[in-house]
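Engineer: Below, each chain spelled out in residue letters.
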Amino acid sequence: MRGKIVFILILAMLVTLVYCVGTRTRDAHVMPRPHLEADGGSEAGPAPVVSVATSTTSPVASAAPTDASATLDARVSFLDRPLRLVAASWEYAAAALVANGGHATADGSAVRMSGLELAVDVAGTEHDIENRLARGGGDAEGADVAVLPLPSFVASYERIRALEPQVVHVAGWSRGREVLLGLRDGMLARSGALTGDVAVASSDVPATALALFALDEAGTPAARLHLAPEPKDPTFAALARPLAADRPSTAPGKVQLTTADASRLVPVVAIASRGFVEAHPDVMGALLKAWVAGGTTLRKDVPGAARLISNQSGAPDPAAMLERLAWIGDPGAGDEAFALGAVGKELVTVEWLFARDWRLLRDQGTLTSPAPSSPVVTILPFTRAFPMVPARPEAPAVAQPDVGARTLLAHRVIKGDAASIGIEMASLASIFERSVVRVSARPATLAQEAADSASTNQGIGATHLLVVAAPMTDPGVALLEVLAAP
Amino acid sequence: MARPASGLELIQRVVKGVAIAVGGACTFVSFASLVGVVTGNAWARAIAALVLLVALPAVAVDRSLPRGEGERARSGLVGDVVALVLVGIALLYIGIGQPVTRPLLVHEGDRLAEDGRDVPAHVVYFLAGVRPVDAPAIAAPNPSSHGGP
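As you go down the protein sequences, you meet chains P and R in turn.
If you read the first sequence in this note's numbering, its first letter stands for residue 1, the second for the next number, and so on.
If you read the second sequence in this note's numbering, its first letter stands for residue 1, the second for the next number, and so on.
Don't take each hint at face value.
Said to hold, decoys possible - Restraint ranges, calculated between C-beta atoms of paired labels, are given here:
1) R:V100 / P:A320: 41 to 47 Å
2) R:V100 / P:T23: 17 to 23 Å
3) P:A251 / R:V100: 22 to 28 Å
4) R:V100 / P:R2: 49 to 55 Å
5) R:S64 / P:E394: 33 to 39 Å
6) P:Y19 / R:R74: 27 to 33 Å
7) P:E394 / R:I96: 49 to 55 Å
8) P:I414 / R:L92: 52 to 58 Å
9) P:N457 / R:I47: 53 to 59 Å
10) R:L65 / P:V389: 56 to 62 Å
11) P:R2 / R:E69: 19 to 25 Å
12) R:L92 / P:A395: 55 to 61 Å
13) P:R161 / R:H107: 56 to 62 Å
Unchecked claim - Partial list, computed: chain P residues near chain R (C-beta under 7 Å):
14) I5
15) V6
16) F7
17) G22
18) R24
19) H29
20) M31
21) P34
22) R307
23) W352
These are computed hints drawn from the structure, not numbers from a lab.
Cβ atoms here follow ideal geometry from the backbone N, Cα and C, with glycine treated the same way.
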């Protein structure tokens, strides 16, 4: 009897093994060529490796281990051409440039060591980026991958929809580049205080997205906003740093909010067409791995990275580059896994932000069609690059606010139960990752229930939430206030 | 005179033999890929993998044999234990654990390919879950595409 049980067990294990191995989806993998003997060059096969004459060595790239460079220089690319990446600004391409050792792949760089050949470029305008994506990486003037802020991607999606573009990588988060200025202090601190149409001066899409989000939360829907580069008597101005020094004195000048406060609102994302990603998952995986390595090198040697980037043609000088690098926060691959939704159950993911930006831009009139039904985020390259997700870095500390802490933003909930208010709290606490969200409600017990729901169901830390026991006096059922970090 | 084996017994023996062969080959590859983390030397990988391949089932057999004097092991016990151990390791490493062990297996395939062992490399790539393609030659990049805006 025991023999039969063992036989069935062996058979089951064998069948499972065969099933596991036999039913796997198999991605293409470039098989390395046999090592050549010193005098045996003729064994190389019919397709000789062409050395890349344009390679250069950079100070940052040379910091990478060079012992393997001889072998790696003999490796060939996954593609039969360079992969082409275009960025909307120099700071967005910083980690890729460091990984690549410059515009062209340098010897000993992280990209070269991954077996890729990469051409990094910076485009002047969003239209230029769309044009390059439309041409594709097969064209010397085209691109396979573009790096831009998520709101810019959302705004251009309708025009490049045919490519089925997808987010493949979170290159960082905008931390202070976008600024919302108002005529007076604290204009977002009284929910629903603004009546009628509101004129907002803006010509920068990510800054516009910040304004749309902030005013929508503060009770001014996007449909009531009049956005123009230079409207008459603007109440707000949504601008991108560096701010012009010669702004008129009558223009809005009081800082209401920046992406340094809303530090999880504007991710900088890399996008590629769905067809390219699905055809070359290993290429994208190798690129991501090298890119993240470039980010790590950048953080270790910021002046070296600023120097390297400034040496590229058309780049800003090192001091300006240093300032720009401060506007981008890159918490690394461990955090990216959550942002992409590859692990965890975060409420505020790139997909969530995409949907929100889309709604606001559509309400405002920039977009005219419903949100795409196909997925706009793919984790395929990320899982190729990081089969084992790195540890997530610790979240920024949340200091308890003073008694007189300034309210950045007030959001009134007209009606809803504890769960729905908890979701609103969680979204604000996630976007303002260094701020405390204060809640008061009618009845007062609803505030505690909502905070408990945000903690229990959405995983928001208790230090992020502050319950005010006193019943609120505003109309509605709850008032959520984002307090400025000390 | 020994009783002739029944049909079921014959099937059991065949399955056990296949399990030992397949499990043994997979386990050898698994151990070689693990040793490959430490050294790329082909002889070191092969010898270490072979030692582990023999030692682990041997230890398992030793632990499963009856200890008492006069007790006799069930007929076929040794073969069962060896098959179980080898298929078990293969299932854990190559079957269920493939999402984690895939990079190790792919590197093992790469090492075999670099050594000019094409057939074993293809087998290992198959176990790793990748489709090997020949490396294309790089076209020299167009310098004009690397300029700034």
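Engineer: Compare the structure with each hint and give your call.
Structural biologist: Right, here's what the structure says about each hint:
{"no.": "1", "hint": "R:V100 / P:A320: 41 to 47 Å", "verdict": "holds (44 Å)"}
{"no.": "2", "hint": "R:V100 / P:T23: 17 to 23 Å", "verdict": "holds (18 Å)"}
{"no.": "3", "hint": "P:A251 / R:V100: 22 to 28 Å", "verdict": "violated (57 Å)"}
{"no.": "4", "hint": "R:V100 / P:R2: 49 to 55 Å", "verdict": "violated (33 Å)"}
{"no.": "5", "hint": "R:S64 / P:E394: 33 to 39 Å", "verdict": "violated (48 Å)"}
{"no.": "6", "hint": "P:Y19 / R:R74: 27 to 33 Å", "verdict": "holds (29 Å)"}
{"no.": "7", "hint": "P:E394 / R:I96: 49 to 55 Å", "verdict": "violated (32 Å)"}
{"no.": "8", "hint": "P:I414 / R:L92: 52 to 58 Å", "verdict": "holds (56 Å)"}
{"no.": "9", "hint": "P:N457 / R:I47: 53 to 59 Å", "verdict": "holds (55 Å)"}
{"no.": "10", "hint": "R:L65 / P:V389: 56 to 62 Å", "verdict": "violated (44 Å)"}
{"no.": "11", "hint": "P:R2 / R:E69: 19 to 25 Å", "verdict": "holds (22 Å)"}
{"no.": "12", "hint": "R:L92 / P:A395: 55 to 61 Å", "verdict": "violated (35 Å)"}
{"no.": "13", "hint": "P:R161 / R:H107: 56 to 62 Å", "verdict": "violated (40 Å)"}
{"no.": "14", "hint": "I5", "verdict": "violated (10 Å)"}
{"no.": "15", "hint": "V6", "verdict": "holds (5 Å)"}
{"no.": "16", "hint": "F7", "verdict": "holds (5 Å)"}
{"no.": "17", "hint": "G22", "verdict": "violated (9 Å)"}
{"no.": "18", "hint": "R24", "verdict": "holds (4 Å)"}
{"no.": "19", "hint": "H29", "verdict": "holds (4 Å)"}
{"no.": "20", "hint": "M31", "verdict": "holds (4 Å)"}
{"no.": "21", "hint": "P34", "verdict": "holds (4 Å)"}
{"no.": "22", "hint": "R307", "verdict": "violated (16 Å)"}
{"no.": "23", "hint": "W352", "verdict": "violated (26 Å)"}
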